[in-house]
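If you read the sequences in order, they're chains A and B.
Residue numbering for the first sequence follows this note's numbering, beginning at 1 and increasing consecutively.
Residue numbering for the second sequence follows this note's numbering, beginning at 1 and increasing consecutively.
Keep in mind the hints are simulated off the structure, nothing from the lab.
Each residue gets a CB set at the ideal place from its N, CA and C atoms; glycine is no exception.
Among the hints, a few may not be true.
Interface residues of chain A toward chain B, partial, derived using beta-carbon atoms under 10 Å [stated by the list, open to error]:
| # | residue |
| --- | --- |
| 1 | 2 |
| 2 | 79 |
| 3 | 132 |
| 4 | 203 |
| 5 | 332 |
Number of protein chains: 2
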Amino acid sequence: MPVIKGPQVFPRAEFLRRLNAVKLEMGRLEIDALIVGSSADITYLTGYTAKSGYVPQALVISSNDEEPTFILRRQDAPAAIHQTFMDRDKVIGYSEALIGNPDKDGYDAVVDFLNERDGANKRGVGVQLGYLSVRSAEKFKTRLPSARIVDCTHSVAWIRMIKSDLEISMMRDAAAIADAGVQKAFEVIRPGVREADVMADVAAQLARGTNGKAGTDLASMYFCSSPRTGTCHIRWSEDVIRDGSQINLEIAGVRHGYVSAIMRTFSVGAPSDRLRRIHDAEVLGLEAALSTVKPGATCSDVANAFYRTIEKSGFQKDSRCGYAIGIDWSEPTASLKDGDMTKLKPNMTFHLMLGNWIEEDFGYVLSETFRVTEAGCEVLTKSPRQLCVI
Amino acid sequence: MPVIKGPQVFPRAEFLRRLNAVKLEMGRLEIDALIVGSSADITYLTGYTAKSGYVPQALVISSNDEEPTFILRRQDAPAAIHQTFMDRDKVIGYSEALIGNPDKDGYDAVVDFLNERDGANKRGVGVQLGYLSVRSAEKFKTRLPSARIVDCTHSVAWIRMIKSDLEISMMRDAAAIADAGVQKAFEVIRPGVREADVMADVAAQLARGTNGKAGTDLASMYFCSSPRTGTCHIRWSEDVIRDGSQINLEIAGVRHGYVSAIMRTFSVGAPSDRLRRIHDAEVLGLEAALSTVKPGATCSDVANAFYRTIEKSGFQKDSRCGYAIGIDWSEPTASLKDGDMTKLKPNMTFHLMLGNWIEEDFGYVLSETFRVTEAGCEVLTKSPRQLCVI
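Model the full assembly from the supplied sequences, consistent with the hints where possible.
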């Protein structure tokens with residue numbers, strides 16, 4: 001039996017608006033077909049959030065078709081029919097014979113589609129070369145010999161950087177879930193408790209969600225405790241929490257693909273002077289950065305407001321101060337860093353990520369997810385900006 | 001202050017043994033340096049499990065150096081020093097200026113290292129071209145103009161396919177965690193409960209682990225309930241569980257990178273005849289497949305034992321019956337499918353994945369993680385092979 005359409009998270013008009021923006025860009029690039037392989041871009045343009053992107057799949061956008069065509073592994077096609085806004089004949093499942101096959105893969109099905117049904121061979125075809133392996137890229141070039149291949153790696157990412165109000169609402173809900181996760185961590189971090197048990201409770205909270213809105217996925221979680229506070233991407237250790245330990249927590253809430261992230265630092269027992277000093281400096285830096293946010297200011301302006309403020313307290317941060325955030329966490333567009341002259345516009349969203357790994361064995365974290373408003377900024381994450389002392 | 005070495009999960013001798021196997025293969029391929037970018041391969045060769053692979057990083061193995069050199073983002077270097085078996089001078093952090101930079105990235109640091117310190121420019125250099133974008137691959141070719149570049153995409157994956165007893169022990173622990181997750185699901189799946197709340201409890205169990213051994217990460221989880229049982233990669237929905245619902249669950253336990261996966265089907269209320277019939281057929285197929293497993297049999301033999309058995313009950317399965325499993329879940333080597341003539345050897349491990357998505361709105365799942373023994377097979381996952389009726 002055919003699978004039914006699932007509840008639609010966004011109205012059809014929202015997807016058509018997004019697709020029209022992409023088609024405008026396609027016109028500018030003089031391409032007639034755009035092959036979108038990025039899972040986050042596919043979520044943006046269709047509503048699909050199932051996790052099948054570990055094998056090749058692609059959305060084909062044609063300038064003269066209202067709806068895109070989604071070509072993916074046959075066993076994932078029902079999920080695409082169920083989740084996306086498109087008509088069911090816009091979902092094409094390719095044969096299982098292309099899985100685990102050294103000679104052919106799902107991109108061959110995409111090229112077949114272009115050759116047989118889309119007539120793209122004589123036109124401009126946009127491809128996300130930055131996400132393709134050498135071999136897959138070669139496939140597009142050799143099997144579409146008359147097409148003009150244009151690299152469009154980040155074309156959709158730049159369009160989705162400015163969210164609609166509906167997307168912002170989703171990110172607000174995700175931020176509330178992230179806040180609930182921080183609160184849960186504050187409740188369960190205690191001396192003698194295993195790190196894994198803390199993260200079990202935090203993960204459960206992130207799945208349960210808050211305010212009646214469940215988390216729809218679990219994003220990456222990091223729990224970097226003493227002596228690992230100089231690291232940033234360790235999930236958790238097999239250790240138990242100890243008196244005097246510091247913990248750097250990075251988590252995120254997820255709603256229908258949209259991610260809002262947050263970082264907070266915990267101290268089990270009285271914080272050291274050094275920890276207290278960097279916390280105070282970073283909170284001032286955070287406030288300075290946020291007060292710089294407004295349409296027309298640049299990403300560089302925001303980062304420099306932070307850098308200049310913490311310098312006054314004798315600190316510096318080597319890494320960027322954040323990045324565009326949205327579907328699947330970070331977006332490959334603008335960074336909050338010195339020299340990034342991207343101008344802020346209303347409804348751009350960023351993870352102002354002030355993690356500062358100062359020495360090999362000492363770091364501190366603090367972050368917020370914010371959106372640019374018409375006049376300034378709205379911080380979506382609402383957890384107190386405290387050093388969380390247990 | 002320097003970060004201290006963390007507890008080592010495997011002895012140094014184990015890593016040297018793995019590296020020696022890789023160096024033997026490098027000799028066969030007549031290459032003097034191998035650039036390993038795959039996160040799973042890096043875990044295998046160093047013990048590193050921090051999640052920094054979303055930006056370029058690479059392990060450089062030189063035929064005449066005992067320890068490899070790990071080149072990664074500077075802020076992740078302390079985690080590498082902490083987690084890996086190598087001396088600290090074998091970890092090189094590259095500048096934050098290479099992050100979010102449209103002109104250069106971490107691979108430039110890798111090529112710099114090869115040019116400046118390794119003298120690889122005039123020799124054979126193995127690169128995992130299958131994991132590199134066109135642009136990154138070009139970088140290796142143009143910036144190492146005199147080197148002979150050899151594609152080694154899956155060279156390490158084929159070596160790590162045969163586990164040591166130490167690795168098998170880790171996978172046994174991971175399997176016990178997966179079993180605990182299935183048991184937890186059986187306890188909490190009830191009519192009226194939100195799917196998100198079930199998965200909150202399951203995720204928590206997978207993090208807590210079992211038998212005093214915590215989960216060290218959360219792998220992907222899938223909860224595909226009516227009317228989505230014909231799909232396979234939906235995390236969970238916003239629905240509540242209903243009387244009469246069927247649920248297809250796929251989860252995994254993780255220990256220090258090693259993954260053991262399991263699938264079970266749940267029925268809330270009496271199962272339909274169709275569901276009961278496919279369950280019975282698949283259990284027979286599973287047993288037939290497992291009884292075929294022994295050194296010298298092929299992957300194709302195992303798959304065909306399953307296919308031939310379920311055919312007797314009038315069922316068929318379009319997709320492969322599984323794949324090699326280990327670090328980071330699936331390995332890109334052998335598949336349990338018709339025509340894969342890979343010969344089984346002791347301590348190969350597979351996810352015998354019998355998910356069968358028969359119609360758009362109806363599927364069934366059942367799987368085990370097993371290892372090949374000297375004489376047959378050991379099933380690592382131990383959950384009852386039942387249709388879990390609530």
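A quick look at each hint next to the structure:
no.	hint	verdict
1	2	holds (5 Å)
2	79	holds (4 Å)
3	132	holds (6 Å)
4	203	holds (4 Å)
5	332	holds (8 Å)
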